[in-house]
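Residue strings, one per chain:
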Amino acid sequence: MMLFLPELTLLGAGLVIFFVSIRNAGSNTVKNIAITLGALIFGATLQGATQEGDLFYNSYRVDLFSQTFKILMGGALLVVLLFGSRLDSLKKEIHPEYYLCLFMSVLGLMMLVSSVELLAIFVALELSSFAVYIMVPMRDDSGRYRFQMEAGAKYLLFGVMATGFMLYGMSYYYGLTGSTRLDVLVLEIPTLLNQPVAVIATVLILCGFFYKLAIFPFHFWVPDVYEGAANETTSFIATVPKLAAVALLLRILTMIEGGGETMVNLLIVCSILSMFYGNLSALVQKDIKRMLGFSGIAHAGFVLLGLLVFHITGYAHALYYIAGYVVMNLACFLVICSVAAKGENVMIEDLTGLYKRSPFLAVTLLIGLFALAGIPPFVGFMGKFFILIDALRQDYLLLVVLAAINTAIAIYYYLSVVRVAFCSAENEQDPISTPAHMKMLSVFLMVVILGMGIFPSQFIHYAENTIQSIM
Amino acid sequence: MDQLLTYPEFPHLLSILIFLPLAGVVPLLFVNNDLFSRNWTLVVTSIAALLSIGLITGFDTSTTRFQFAESHSWISSLNIHYQVGLDGISILLFLLTSFIMPFCVLASWSYIKTRIRTFMICLLVMETSMLGVFAALDFVLFYILWEAMLIPMYLLIGIWGGPRKIYASIKFFLYTLSGSVLLLVAIIWLYQENGFSFFIPEMMWGNYSFTAQILIFIAFFLAFAIKVPMFPFHTWLPAAHVEAPTAGSVILASVLLKMGTYGFLRFALPITPDAAIYLAQPVLWLSIAGIIYGGFTALAQNDMKKLIAYSSVGHMGFVTLGIFVFNIHGVEGAILQMINHGVTTGALFLCVGMIYERTHSRELLSATGVGKFMPIFVTFLAFFSLSAFGFPGTNGFVGEFMILVGTFQLDTALGKFPYLALAAIPGAILAAAYMLRMLQKVIWGGTNNPDQSWLKDLNIREIVTLAPFLFFVFWIGLDAKTFTNMMHTSVIGLLDQLHSHQQQALTAADLILR
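Chains as they are written, first to last, in this note's numbering: chain A, 1 to 471; chain B, 1001 to 1514.
Derived by calculation from the structure, the hints in this document are not laboratory data.
Mixed in with the good hints there might be a few duds.
As the list claims (entries may be wrong) - Covered stretches of chain A (chain B as the covering partner; in silico rule of three or more C-beta atoms under 8 Å from a C-beta of chain B):
1) 22-31
2) 369-376
3) 392-402
4) 451-461
Keep in mind it's a predicted model, so treat the numbers as computed, not measured.
Glycine is no exception: its CB is placed at the ideal position from the N, C-alpha and C atoms.
Could you put the whole structure together from the sequences, leaning on the hints where they help?
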């Protein structure tokens, strides 16, 4: 019972919201209930921090690794609920449904990080994806009907295809080893990796998670979904699922320890292409959500760089990086959700004069973007730095130089957003009033961005222990 | 760790100095009062300046070791430490930084009218990172502070700057940051080679292969040459200078540019000695190009800030020239000239800021003839101009003279360049030309003099701001020995090690040329 508490809480939260939706409560009540539930869920994940054990005939493992990711997801969920609480871009009637999908999606993601059996992984992934398939088109944006529908369709089609690939890969694994359990596979697969079929199987399985993490060439959905979905939905898609994707990639990659040359080369190519594609495309974006989407592709490439060193410190640094990425992204989306008064999409030029309208939000955006760009002393820099060290330790000098060049490219577009925010507008817009809880939230995010950057030691140590628990 | 020397009388002096300004930010976060912000920042920076006098009294000029050292574990998993210390090369720059800051606050007293609290916070954060850069002995610490200071500087230019402030701040940020990206890769490579240590003294003089040295030197060069800025990497500088508020210009000219040349001395020479010797010739010619180019361009400027900005390109050309002639006169002259440029150019920017506050223009034409109504101001300006073109008796003369002597003596294993010093001399003449042109316009003016009779001469605050700079102009000019003594041992140590590498560079060059 205690082992399963975070998931049970989420399930309970879903039920509560479900009943609320039947009772036709006011949107304010729904909002308050959802935030309370979010806090409860976060509390439940914290409570589960030190839990350990197996469930469901050993297909579900609760260990430090899974619990750490659950805490991160719980925290990110709470933050998304808090700053997205206005839900301006959704019709009032469907607020409960939105929260229901949100909780179900997180439930799926939390189950995903605990699953140690291929079919359980598949089911959990589908649970989380289905909920998001519904959430993406949920948007009351009368004038631009097509966009969210296109986004929804794209997300669905690509998602289905990726899971199809994954399932196909899983079937190969089963054919090769006669088992779908990771603890059996972990013994068999490394010896099979010199056979093409095992490599193909692994690559196919990775496709599923590459899709979630938006790594080239599984990134096609990103810009349109980021743009088409409501701001609050995008904040969620851009953060929580990425955590789960990294968790699963870690599980798979620790399983194929060492990886074999073909595998590593493939990952290297994916990593480099993600970085270049993401950064170069982000340069020309006008919609800030699209820009963050493309930058997310580049960041995913960076995470992959940390993963493909196949070494515990590299894994720990990748975990640190993705956790930091989530916090930085949340800070940026907090600003986007606050600026978009009616839930509309925010163009970069709409941020003109933000500094005059709300110095507070402008500084939050500045720190969030500078951190994403990898400027010290923020967490983004430390994450990049650690990953570069790991890659150079494996003698990937060229890769490191390319990654460094990418960092330089990325600075340009992040900086141009900051520039616009600090420019004075031609026609002054109204000041944006930031409620107290939003101020506290953004101060909290800024402190985390700075604190994780200056004192990464504790976090890395914890991350190493976390990874140790699955190796 | 035997390169470190602690200071038992006051073990944490250096760290206190570095972090005092940052700690000074805390009250400002909670009190939003303009007068308090100004006074408080002045107090904090002044205390830091006074405390740093303790560094002079405690400094041992007879050793090349890093003094006032401290070392604490920071990120243990990667062997990253918080390590700081000063030697003869860095102490003067450290002192320059801490002395300049109170005057930056004074210069902004009435110049900055909006968001004063934020401005002061930026200044204080800036000071911590600048002091930290000169004291850092761990490469990660160095890099973090080196990059982190871009953020407050970006805000200083971007918020309180002139009409094209956004363009200037972006250009400044992008240039300097993209320059140092490869520096990071070089740092990580060195970390591997040195048994996973970021400790700078351990990285020095460690026999790396010649190819590796060349690559690292190129990474270093890009980062540092942009910061200096050397011709042709200088284009961010005039824009940044012109748009920055007075305090920003002073910090840029006095401290930020020195970080590039400091980088050459601290890293490029000791870590990649063979590559430095091998590639000295192009660097020297670039320096000469900078001197001549800076001089001619300054001559053509009608915006006083631009004029001084371009003159900085020329002056910093002298500094890199001095560093890359690899002899005692050249290097000591270069370090001295770094200090001189900090004092003189900082003061000149303060002067321009004072005119700007009165006339709201930096155009030479609109400042013509102010001398008649502002005699005290013009006196200051005249002395600083003399110092800027190296008039005997002022600090500029000593620095440039030493560098030129060093250049005449240039005699490296890879060749002699007897015409190099001759090529640099027109720079000194050009400097006289553009400075005197400015001075002539400001004092006597031209035919179309606007009515300037309403101009008020300097007030007490402004005199207090400028007087210490004048004091240093003459102190260094008449008694340079005091200053060179502080760096002498360290420079000798640096050059001795460098010369023992000459043969290796020669062999490598032979192999390549053959």
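Outcome of the hint check:
no., hint, result
1, 22-31, "violated (count 0)"
2, 369-376, "holds (count 3)"
3, 392-402, "holds (count 5)"
4, 451-461, "holds (count 4)"
The structure does not agree with numbered hint 1 stated previously, though it agrees with all others.
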